[in-house]
Amino acid sequence: MARAVTTRHKTIATAAAWIVALLIFFPILYTIITSFKSEQEAIQGFNLLPSGTMESYTEVEAQNGYFKFFLNSVLLSVGSTILALLIAVPAAWSMAFSPSKRTKDILMWMLSTKMMPAVAVLFPIYLIFRDTGLLDSRVGLMVMLMLINLPIVVWMLYTYFREIPGEILEAARMDGASLWNEIIYVLTPMAVPGIASTMLLNIILAWNEAFWTIRLTTTEAAPLTAFISSFSSPQGLFWAKLSAASTLAIAPILIMGWFSQKQLVRGLTFGAVK
Amino acid sequence: MATQQTRSLARFMMAPSVVLLLVWMIVPLVFTLWFSFQQYNPLNPIRDGFVGFSNYALFYSNPAFLQSILNTLTIVVSVLLITVIGGILLALLIDQPMWGQGIVRILVISPFFVMPPVAALVWKNMIMHPQYGVFADIARFFGGQPIDWFGQHPLTAIIIIVAWQWLPFATLILLTSLQSLDGEQKEAAEMDGAGFVSRFIYLTLPHMSRAITVVILIQTIFLLSVYAEILVTTNGGPGYASTNLPFLVYQKALLEFKIGQASAGGVIAVILANIVAFFAMRAVGKNLDR
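Sequences listed follow chains L and P, in order.
Quick note on numbering: the working numbering labels position 240 of the first sequence as 240, and the sequence is numbered without any gaps.
One rule links them: number in the working numbering = place in the second sequence (from 1) + 1000.
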């Protein structure tokens, strides 16, 4: 673009954008800062300089057994994502490469299942889980999270796979590649980036899911969403501890999220905005 | 050309996804529909049985019902207004040439990755707490009285928290759309003497309209079922002041064990979501025909 940008314009835009961005980020920043304060410091008014103590972090582990919840979050989000990919990759693959007249309808219908309010089926699901002994089990919740995100996974993979040109397959076939070689040497390398970003976004969504993970667990399978919710009733001085637990709960996903901004737009708008 | 063989292979590859989603959609929904016409109380099973539409009548005559519908709509509309207007302004700002644009983007998008219970509890305790919160500190600094957000303005407090979570989403999507605007078109308009405002109204806004539609539809789906934010902050109170439809259904089902009424509420939630879904599907569906 040839448009000249004056330094003054750029300075004002920079200042304004940074101020707004820092204001939006402030609750997260302040939580991280407070997590390095002692409980006494945390309630002594506004203060951006913590003493740097790590006691809240050790407390959260010692008193609440933080690590078990963290491990559950990792297991559930990664497990449900892999499960969803195993089921969705073949489906998205066949829809992208041998579409039929009904492919579009099937895709739309899958998306519509995502619009069912969870609360409408809360009790039946609760009942089914209770009677099959799945309540508070990692397997049950993993299946649940897989089902919730399956439509998004199929959709995202479909939009990625659709961009792989069919001509390349034909060219490979003309060169005498067997079906096996075609899959290994031609398709897989082109599909990996799409699968990877689908995986990333889905892990984020599963990690942050806060309806079923809270309602279908008690102790054994409870992930971080349930753990953090237990702080909803105040328990004496707990500001620093809440901050430490929150920081630990959001840090991994925040970092993953920063890397997946572009895919996020695509995944969450079902390819409508790229 | 698709042969008979590849076509049946395709069907075979699609089957697991389709069957799973079919079961996931139909089985619980049929249960809910069935329960909505039953008197069913696991704690007091003596009077269980078919009751026709009386659950719907009971749910409807419950003063909390109308309030919860009103609260649900208030949350959806307020958060949409804040995030869409705020998102457009923020996207326009971030799209300007500046230093450190990448970092600004990262800071702005961050709240979206914060899990709902954390977002709600951080706001409740660190920011809005009437004694130890940052807002209270600011109020005292200026000699004012700190506001008891969750006691006095519970719904407003929840709207602020939810808007903070969704503003990044709206901004990111609108920014993506803004950046796909053809630079040459913008330049041509500028050369023709179009000022910032008319450029925005006649060029930028029409270009973003599709992204705005998508933001509104997707957010509506999620905003209709705000749950964790209410659970960890106000628990629906005081009274029913911050109870929305999902929260009311949850209370009826798992706290009061009035399964019939809860199911009737669930069916109403489905109808509400379907009205939105109808428009959402049309908007997304158009994209497939491209």
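Treat each hint with caution, since some may be false.
[Stated by the list, open to error] To be clear about the criterion: a stretch of chain P counts as covered by chain L if any three or more of its residues have a C-beta under 8 angstroms from a C-beta of chain L, and this derived list gives those stretches:
hint, segment
1, 1019 to 1027
2, 1193 to 1201
[To be verified] Keeping only pairs whose Cα atoms sit at most 30 angstroms apart, straight-line, the calculated DSBU-like set for lysine-lysine is:
hint, chain 1, residue 1, chain 2, residue 2
3, P, Lys1186, L, Lys104
4, L, Lys262, L, Lys114
5, L, Lys10, P, Lys1186
6, L, Lys104, L, Lys114
7, L, Lys104, L, Lys262
8, L, Lys101, L, Lys114
[What the hints assert, rightly or not] Stretches of chain L that chain P covers, calculated by requiring three or more beta carbons in the stretch to come under 8 angstroms of a beta carbon on chain P:
hint, segment
9, 54 to 64
10, 190 to 197
Simulated from the structure, these hints should not be mistaken for lab results.
For each residue, glycine too, the CB sits at the ideal point set by N, CA and C.
These are the hints, each one checked on the structure:
1. 1019 to 1027: holds (count 5)
2. 1193 to 1201: violated (count 0)
3. P:Lys1186 with L:Lys104: violated (35 angstroms)
4. L:Lys262 with L:Lys114: holds (22 angstroms)
5. L:Lys10 with P:Lys1186: The hint holds at about 18 angstroms.
6. L:Lys104 with L:Lys114: holds (16 angstroms)
7. L:Lys104 with L:Lys262: This hinted pair holds, its Cα atoms lying about 25 angstroms apart.
8. L:Lys101 with L:Lys114: holds (22 angstroms)
9. 54 to 64: violated (count 0)
10. 190 to 197: Result for this restraint: violated, n = 0.
In summary, the numbered hints that this structure violates are 2, 3, 9, 10.
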